[in-house]
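Chemist: Chains as they are written, first to last, in the working numbering: chain A, 8 to 297; chain B, 54 to 327; chain C, -16 to 435.
Simulated from the structure, these hints should not be mistaken for laboratory data. Treat each hint with caution, since some may be false.
What the hints assert, rightly or not - So, partial list: chain C residues that the calculated Cβ filter (under 7 Å) puts toward chain A: (1) G104; (2) T107; (3) P108; (4) T110; (5) K214; (6) N215; (7) S265; (8) P266; (9) A269; (10) A403.
No residue lacks a Cβ here, since even glycine has one placed at the ideal position from N, Cα and C.
Here is what each chain is made of, one letter per residue.
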Amino acid sequence: MIPRTRDSRIAAWILTAPLLAFFALMLGYPLLVGLQTSVSRNQLSEPIVSFSGLDNFFRILTDPDFWGSIGFTLQFAFVATSLQLVLGFLLALVFDRKIPAKAALFSAVLVPIMIAPSLMAVMFRLILNENIGAIPAVFSLFGAQVSLFDPAKVFPLLILLDCIQFIPFTFLLFYASLQNISDELYEAASIDGARYSSTIWRIVLPILKPAIVVVVLLRILESIRNFDVIYILTGGGPGTTTQTVGIFIYKTAFQQGDFGAAAAASVILVLLLAPFTPWIIKKLSTSEKQ
Amino acid sequence: MRFRKSSGGAFAIALSAAFLFNVPLLGAIFNSLRSDEAIASGALVWEFDSGFTHFQNALGAAGYDFPLFFRNSILISLGAVILVTVLAVPASYAVVRLGFGGPWILRIAVALRVIPAIFFLIPFYLMFSRFGLIDSIWVLILVDSFINLTLALLIFANALAEIPLEIEESAAIDGANVYQRLRHIVLPLLAPAMVSVAVLTFLFTWADYIFAVVLTASDATTVTVGAANFVTSYGIRWGDISAAVVLSIFPPLIFALFAQKFLVRGLASGAVKG
Amino acid sequence: MQSKKLMAVASSLFASALVLAGCTSTASSDGAADTSGASESTATEATNVSMVLWPGPEGEAMQKVVDSYNAGQGVADGVEVEQILLSREDTFSKEAALMKAESSEYDIYFTASYLIGQHAGYLTPATGVDASVYLAASVESLQVDGMQYGVPLDTSLHFMYYREDLVETLSDAANADLYSSIANEVLGKSLTPNADPSTWTWEDAIATAAFFTQEYNPNSPTKYGYALPAKNLLYNTMIWNNLLWGLGGNWVDSSGAPAISSDAGIEAIELYATIYDKGLTSPDSAQWEYGETNAALTTGNAMMALQWNAAFSELSTTGETAGKLGIAPPPGSGPRTHVHSLAVALNKFSANQEAAQKWLAFLATEEAMAIYAENGGVPSMPGILTGMVDTNASFENMIEYANEIGYSEPKVAREFDIYAALAEELSVAWLGQESASAAAEAADAAMAELLE
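With the rest of the complex left out, here is chain A (with noise of 0.2 Å):
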């Protein structure tokens, strides 16, 4: 460990100050704004705004379309993160080999991330309609009918949809970290003769747990604030079927003019993951520990 000397904690502090200034400039006065936003009655449709306690936010928990919105959240953030997850990892490991063109086959696997996720949904709602868009029409020369829109289908549909927005980005991630990785401990390996999936499994793996670790968190916090694209593909429905929860809260502040309202979700929000930061920041710093 290196020592920590009074110089050192000084150095600390000048390098944390820029942050600082920023978090307390950008966090401090939304925080207030919005926190008392959330114990007012802030309604688009009454110009006068007045405290109102908890009442705000005894609407939100008393309302089942808020806990539905959790709950397909949840579903949909735990699946897309699993598939993307998995799949990014395994695409690293593919492209950590010599193959040809790899930097043209690389920039056009982060594609996706360079369109934004709003004018992607558009292109997904014109490639993908029955009647005007080229994938219902391939299939068609196939001879197969595919109605991609059914109720029944339009989960799945989604999950496909994050993912090939998303895998990109966690293929990046895994990939980056598999570059610290020496081609000597591959040697090695393989020099004990171990084969290639117990080498990834027993070696590889364990190594890139931070990185998993940050992908997981990340990955979990942007599904949960997911919007972009299910909003213009579905506006959440039929119903409130696959209405996220910030669907619910967009629609919340923005279609129901309740700005208290939504600011009330937005805190509780917070308050339901707040409990699960400190076990993850400890996964990141223990392995930190090594």
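Given the structure of chain A, go ahead and fit chains B and C onto it with the hints provided.
Modeler: Same frame as chain A, but now just chains B and C:
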């Protein structure tokens, strides 16, 4: 190096993956080249629009100042990359190596990501309008940096964890102080992580919609917001929006290609391969 | 060393960024005033009035009106107008944020009949609007408590679009038997073909749609008869309302209590459910709205749809509907087409009330709206619309339907929210996947909360 040699199977998988992920883009290219009549008649109608009208519209012919939108998006994305790097690298070093603040910085960073964007929209609007920064690229640089800080901090913290302490310890023993260790030893080793963070920050900033919509009006409009103009009361201008999507790929693509090269150079300078 | 260079570059960029920040914020506020593109010489005297509008045909047409005003009457009024186009999808969300913040950034907001109840608290009524030059339904739909808040722009209502060439064949005697047996299968009663859509009941419409659905009639040239926009979207509620009203129903009964659970409401839901459940429309239509409905018609995969009047320009000129497009009123009796107007209104917190009122007064004249119409807008003035029938044949229908069978939903404060709530509560039942009465009850409960 048995396990990292080239393989035909790997190439096939990589190629298929590249194709699958590009289906939306290929669809966009296809539709941007067809006339409106063809698009409305079905996907198998291969009638192409030789005047490239959709591209002309996406470059300003339809009355929307796309050259300005592109300029704005590029500046905002680059700005966010710079700001995020400048803020996150020193801070994550201080947190991970110098034990600053214990787990609190990371806890706050994680908590940030949990809060839905909506929570920040109106307070940001109120705050920035007071400083007259609404509809300027600076406010978006600040906001997008804020959004991507968590990612940067986590990636840097993770990367720092993977760098062996011994290198720095021996340098410390040799008399190097914190700043020297950070600059000469850690930074080169952090190169791949910095590239990842730069690329991801650029991409996520480029793709932001909701903050751009609320915090800009006409001067600082970004490409993603500008493209949404093609959804009108009289119909969605599929061809125009497809062309906008196609064009919007280029700046991030160029940035990623450029960054990738930098990554290779960073690796080759002896940073990682022991 | 690379890292040194990087640090140097980064810090100098950042420093210059901070410096520029100071300059650009002042520069942009000066620059903004010049983008209206007209008289610069009067910059010192003229009051600048900023107005938000939708991008697309409305914004493009309005720009011409703005240009003409700034060069003409605006000089006399001492007013210079600047139009700001916000993203169409989020104009209203953005305005919501601005109104909540009591912003004075824009003097004139873009609004609509379905939002006027919500916005009224943040607006100043427009003086100088002569209601007689407008379609009654349009101008009234922008009044709240008797005050004229909005100045009407484009009016929207619904038509029953259908393929003329196909409906014509219904009068062919050879089809009568098949039609009758299909009607029996789908509706439980034998019907005779009715080739005049303007006299259709919903049963006629559904039977016709079934007749042109390949599942029931393999010889049908269209795969499905109907294109149903059933997505959970508030604009789709506006379309569904036509069934409710056309069956004699309303959102509320005479005492003001929610009435979706009335016989008319339940029947209206069940009609949609029949269309979807019996396969008269594509299963994908569970996620359809305006654009997808048009695509179904232009590709020839559907032959009938209750759809917005604005679709006429696309449908009448594209694909399978070009030259074969018929227009009929929504089936039913009595008032049965939803009418709403887009509008502009004066921001209560604007610092330029007088100047803005002058501009709005100009906008409310036939002279201004004639320019709007010439450039692609569809003003709500019968005087102008009648003169434009050559360019757009549907204007005749528009005037007729707006005057004779148009209705507006109750102008309560949370009207906008009610559309959204109804879409949410009813969209599953529209697909026949929930019982109509259960959905109607839930809808009434949701509405009751919004009416308080």
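Chemist: So, for every hint listed, does it hold in this structure?
Modeler: Hint check:
Because the closest C-beta pair between C:G104 and chain A is about 4 Å apart, less than 7 Å, the hint holds. Interface restraint check for C:T107: the shortest CB-CB distance to chain A comes to about 13 Å, outside 7 Å, so the restraint is violated. Interface hint at C:P108: violated, since its Cβ lies 15 Å from the closest Cβ of chain A, which is beyond the 7 Å cut-off. With a cut of 7 Å, the hint placing C:T110 at the interface with chain A is violated, because the nearest CB-to-CB distance is about 21 Å.
Look at C:K214: its Cβ gets to within about 6 Å of chain A, closer than 7 Å, so that hint holds up. For C:N215, the interface hint holds, since its Cβ comes within 7 Å of a Cβ in chain A; the closest pair sits about 3 Å apart. Of the supplied interface hints, the one on C:S265 holds, with its beta-carbon coming within about 6 Å of a beta-carbon of chain A, less than 7 Å. This hint holds: C:P266 has a C-beta 4 Å from the nearest C-beta of chain A, less than the 7 Å allowed.
Taking 7 Å as the C-beta contact cut-off toward chain A, the hint placing C:A269 at the interface holds, the least distance being around 5 Å. Residue-level restraint check for C:A403 holds (minimum Cβ-Cβ distance to chain A is 4 Å; threshold 7 Å).
In the structure shown, a violation is registered for the earlier hints numbered 2, 3 and 4, in ascending order.
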